[in-house]
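Peer 1: Fit chain B to the known structure of chain A by using the hints.
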Amino acid sequence: MQLIECPWCGPREETEFSYGGQAHVPYPEQPGELSDEQWAHYVFYRDNPKGRFAERWNHNTGCRRWFNAIRDTATYRFERVYRLDDPQPSATELAGPRRSTS
Amino acid sequence: MSPRTPGADLPEHPDFLWRDPEPKRSYDVVVIGGGGHGLATAHYLAKDHGITNVAVLEKGWLGGGNMARNTTIIRSNYLWDESSAIYEHALQLWEGLEEDLGYPILFSQRGVLNLAHTLQDVRDSVRRVEANKLNGVDAEWLEPDEVRKVCPIVNTSTDIRYPVLGATYQPRAGIAKHDYVAWGFARRADEAGIDLIQDCEVTGFTTDGDRVTGVRTTRGDIAAGKVALCAAGHTSVLTDMLGIRVPVQSHPLQALVSELLEPVHPTVVMSNAVHVYVSQAHKGELVMGAGVDSYNGYGQRGAFHVIERQMAAAVELFPVFARAHLLRTWGGIVDTSPDASPIVGRTPYDNVYLNCGWGTGGFKATPGIGSALAHTIAHDEPHPHIAPFTLDRFVTGALVDEHGAAAVAH
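First to last, the sequence lines map onto chains A and B. With numbering that gives the first Met the number 0 applied, the first sequence corresponds to residues 0 to 101, in that order. With numbering that gives the first Met the number 0 applied, the second sequence corresponds to residues 0 to 409, in that order.
This is chain A alone, in the form it adopts within the complex:
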């Protein structure tokens, strides 16, 4: 078990959180114009990298709010947590010093 930093509540135990999969997957802008193949990709396909991954988490037994995180899927280390309305940190930002998101 590890501590996960909720952007609103601070570090809490992993059991307080639930996982929401890949972040930054927008709903199709023109759903009516999507082909079956494009729908398949929207519904079933998500990235599955070994390494850095932008993903959604929910602090479901705490403040019950969603947030995003950059986490390494090989080491499980959280590199950044950020609010849903924050943009995804770039690789350059991630290479810099860790900052608080609050």
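Mixed in with the good hints there might be a few duds.
Said to hold, decoys possible - Where chain B lies over chain A, by a calculated footprint (3+ residues, C-beta under 8 angstroms):
(1) 3-17
(2) 49-58
Unchecked claim - No farther apart than 16 angstroms at their CA atoms in a straight line, the calculated lysine to aspartate or glutamate pairs in the EDC-like style are these:
(3) Lys49/A x Glu200/B
(4) Lys132/B x Glu81/B
(5) Lys46/B x Glu97/B
(6) Lys49/A x Asp239/B
Hint data in this document are derived by calculation from the structure and do not stem from the laboratory. Just so you know, even glycine gets a beta-carbon here, dropped at the ideal spot from N, CA and C.
Peer 2: The following block gives chain B in isolation, referenced to the frame of chain A:
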């Protein structure tokens, strides 16, 4: 005094199992992944199709990934026709595998109970039993008193949180010794002249239009006539190199064993609702599987709270386990698919064959997928048993939803 020493009846290992060759510059078929599926595919390429200019590339050591980490349960009681066909094909091969490999694999058909704890479980289970019977798979529905006869240590009292309302029973199901299975396949493939190359990680592919011409590895470039991807949890790492998208997500899946105990558990018991699956290995340790960790992960380890929850479920169902000590926990990486069914067959590259998405249940399929994938590679068209599991089912919508019969919720 104990009437028998646990493990005393296990066979001795032979001194020699396989060569450790240098990779050649070129092979007719390169199989990526030296786990159960890769080794079985190599074996059946040689045995059924006479194709022996084959290399199996393994980034670690043979059979050291999920093949060494699974809970060794073998069964074929899946719901849909497509699934029961491939898993039953596998089970029938398991039944003759020791003879085929000339190697003891300790296949023990001790049966499997899948417990039902709610009215919905009961309905689903009875439906699955009837579907199994129609597909020629042995299956019975057992009431709680019959469950107790098959496995006396299951708590069938009505005062537990999730009482046992019955179970499906497949008598031909069982367990095998996973390491021996890997070694048996490896030895046979090696005898046929197939190169099993360990410590050889694929780092890229060379391509020419719609064809892959070879693989780049940590032990040099190797040209390939055909390539089969059997990398389980690491499949996405390979398909990302090829620019193919595959709808799998890799998760840590943990398992654990107790210390060695006298024989107390005669069968295999699985329960989706409280999430426990347990058998007793030949040496005497209780082998239990946990659920997947919810997040994507390639770390071959998971969180302890998952183990804790698993133990709580196990002790409720088997009060006799309460005094047993946990000896060891470990994790593997499972590639889960959206419909809990495998993704096997052709890819956008003419000569690359995909075998992934087995998720939490790949071990039981080992000989079945090995023979079907070898057939597919040899004939360049999907074997009938894997034809329903192609990548394009996510576009056509012809999913094979086995979330109910798969062991581990994900």
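Peer 1: All the hints need checking, so say for each whether the structure fits it.
Peer 2: Against the structure, the hints:
no. : hint               : in the structure
1   : 3-17               : holds (count 3)
2   : 49-58              : holds (count 3)
3   : Lys49/A x Glu200/B : holds (15 angstroms)
4   : Lys132/B x Glu81/B : holds (14 angstroms)
5   : Lys46/B x Glu97/B  : holds (15 angstroms)
6   : Lys49/A x Asp239/B : holds (10 angstroms)
Going down the numbered hints, you'll see the structure goes against none, and every one checks out.
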